[in-house]
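Sequences listed follow chains A and B, in order. Take numbering that gives the first Met the number 0: the last position of the first sequence gets the number 125, and nothing is skipped along the way. Take numbering that gives the first Met the number 0: the last position of the second sequence gets the number 495, and nothing is skipped along the way.
Treat the hints with care, as some may be off.
[As the list claims (entries may be wrong)] Now the in silico label distances, taken between C-beta atoms and shown as ranges:
1) 297(B) / 32(A): 33 to 39 Å
2) 35(A) / 205(B): 30 to 36 Å
3) 276(B) / 14(A): 25 to 31 Å
4) 209(B) / 8(A): 17 to 23 Å
5) 226(B) / 50(A): 30 to 36 Å
Just so you know, these hints were derived from the structure itself, not from any lab. Just so it is clear, the structure is predicted and the values come from calculations on it, not from any experiment. Glycine included, every Cβ here is placed at the ideal spot set by N, Cα and C.
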Amino acid sequence: MIDQIVSKYNYWIYIVLMMIGFYAMIGKKNLVKKIIGINIFQTAIILFFVSTAAKRGGTLPIIEHAHGHGAQSVHAATYINPLPHVLMLTAIVVMVSTLGVALAIVIDVYRRYETLEEDEILKLRR
Amino acid sequence: MINQSPVLVVVIPLIAAFLTLLLGWWKKGLCYPIAVLALALSFLSSLQTLHTVVTNGTISYHLGSWPPPWGIEYVIDHLNAYVLVIVSLVSLIVAVYSKRSIEQELPEKIVYFYCIFLLQVTGLLGIVITGDMFNLYVFLEIASLAGYALIAVGEDGAPFASLNYVIFGTIGACFYLLGVGYLYISTGSLNMADLAQVLPDLYQSKVVLVAFAFFMVGLSLKMALFPLHVWLPDAYTYAPSTVSGLLAPLMTKVGAYVMIRVLFTVFKPDFSIELIPATAILGWMAAGAILFGAVLALAQTDLKRMLAYILVSEVGYIALGVGLANRNGLTGAILHILNDSFMILALFLVVGAIMYRHGNREIPQLRYLHRKMPFTMAAFVIAALSVIGIPPTCGFFSKWYLILGAIDADQWVFVAVLLISSLLSVILFFRVIEHAYLEPEEEHAGEASESAIAIEEAPLSMLVPIFVAAAGIMVFGVFSGKIISTVIQFAVPGYF
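Here chain A stands alone, though its shape is the one from the complex (with noise of 0.2 Å):
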């Protein structure tokens, strides 16, 4: 068990920090705790992506990089897998997004109704 963990810690750590991030996103009553939920959730996935293209001793996928300058022998096995890198560029640009437009509508909340506590919110709304 205690092995299994280790060996595959980084896909744990992941798990571990979506649910701090799905926790807050859920069970915390302020709306900036539940956009900074919802930032570590997303910045979880991004943890696992990354983490998925990691290769014992490989190394970037340049060929300038590979082991042995042979630059027209290409062995995939030897580079660190570039595609979910690239896959999460664009989720960070999705995750600022997400984020700026979150917060310009808390914004628009704190205006309407000056405080930032959902049940307070609710109780106004009534």
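Since the structure of chain A is already known, use the hints to place chain B on it.
Chain B alone, transformed into the frame defined by chain A:
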């Protein structure tokens, strides 16, 4: 140029979105014509695409000429092309309608409104057209982010409702992304057609199973399938009229389309139906959605909120058709994507027109509306009859196929659910029609004399889109046989 029609469908609104922003700073009045022109062109390209698909079969468009599975591929088969036409037509109708409503509700935000409106449509069209799982995620987020922003500019409760939607929507999108990641680590591919080839050997893998579960939960959140619908009623009630008119018919339908894609194209039907009982679970959730939506709609006095709950129930119909997993059920579900888009479109546009003229949408306050707004209310009645399922309107035909599908599957409970929900919608809509059309007895002799109520009809730029939607309901009803024989029978996956 004709060969490029698949990509033009998406690119035209995208470029127009930035064009409105640039030209809008110079002249505000240009935004509306640009938006309508862009969506009209996009609609024409989607029609052209549908025509090509119907005559020549599936189109595969390679972006930047990179061959799939490495490059992003747009794959358009009968199902795509059909949903594409629906999305572009509905957004065109809403764009025409938007002019007066936006001038009244958001006078100082016209430029930004049209920019985000076009981005929203770009996202929805992109989700439908793409053949790449990660590309779909990006478009899903474009559509959702634009949606959050559009909803947040609505009336009093809108920002709070929108924030709620941000949280649920992000969970949904992130689950979808995790599903993509799990599929990628087990297959090494992101292309849907490629995945469909590689996956069958891995169906016993736990990783693939988890990916499938993530997809189902994420997409249920996006399409607001009961019990994950909680964000929907608030968001669509408080959004500006035009925005509810755009989002309510399309966002949920596009979610349903993606679910059909994942269930039957990326994963093969023998996985989703036999290996794990995904469709059976979906069917029962859908039955819950239908009843729950209809019952809660009964409890509402706000007309728009009532429609939002009816939408929850309508999403249930589509999911039920998918969950039945037989030919009639899926035909019903795919036909209902079209019919329901137009029914919900007509209903939300009518509510927008009522709001525009009277600023009030409480059902008891609708009195004498048949004399103040006779044409708008006529369109409302047509849409209401269609939701109930009266024969010449299109709602009857999709319900007919759903019931046939339920009988084929020997699921008599679902037959009962479908019939009960029809009866509930009779009660729902007659409550509205009673308040709008029938005059209260006690006041009849009183002050409200016949001539005192002048006609205050909605402006023509709102009335025409409402009529197009209502006419669509009738036309799709009359020609539903033709639609099924030319498009939908090929859109249903070959397995059935």
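Hints, verified against the model:
1. Distance hint check for residue 297(B) and residue 32(A): the Cβ-Cβ separation is about 36 Å, which falls inside the suggested range of 33 to 39 Å.
2. With their beta carbons about 32 Å apart, residue 35(A) and residue 205(B) fall inside the hinted range of 30 to 36 Å.
3. Between residue 276(B) and residue 14(A) the beta carbons are some 26 Å apart, a value that agrees with the proposed interval 25 to 31 Å.
4. Between residue 209(B) and residue 8(A), the C-beta spacing of about 19 Å keeps the proposed range 17 to 23 Å intact.
5. Between residue 226(B) and residue 50(A) the beta carbons are some 33 Å apart, a value that agrees with the proposed interval 30 to 36 Å.
The structure meets every hint from the earlier list without exception.
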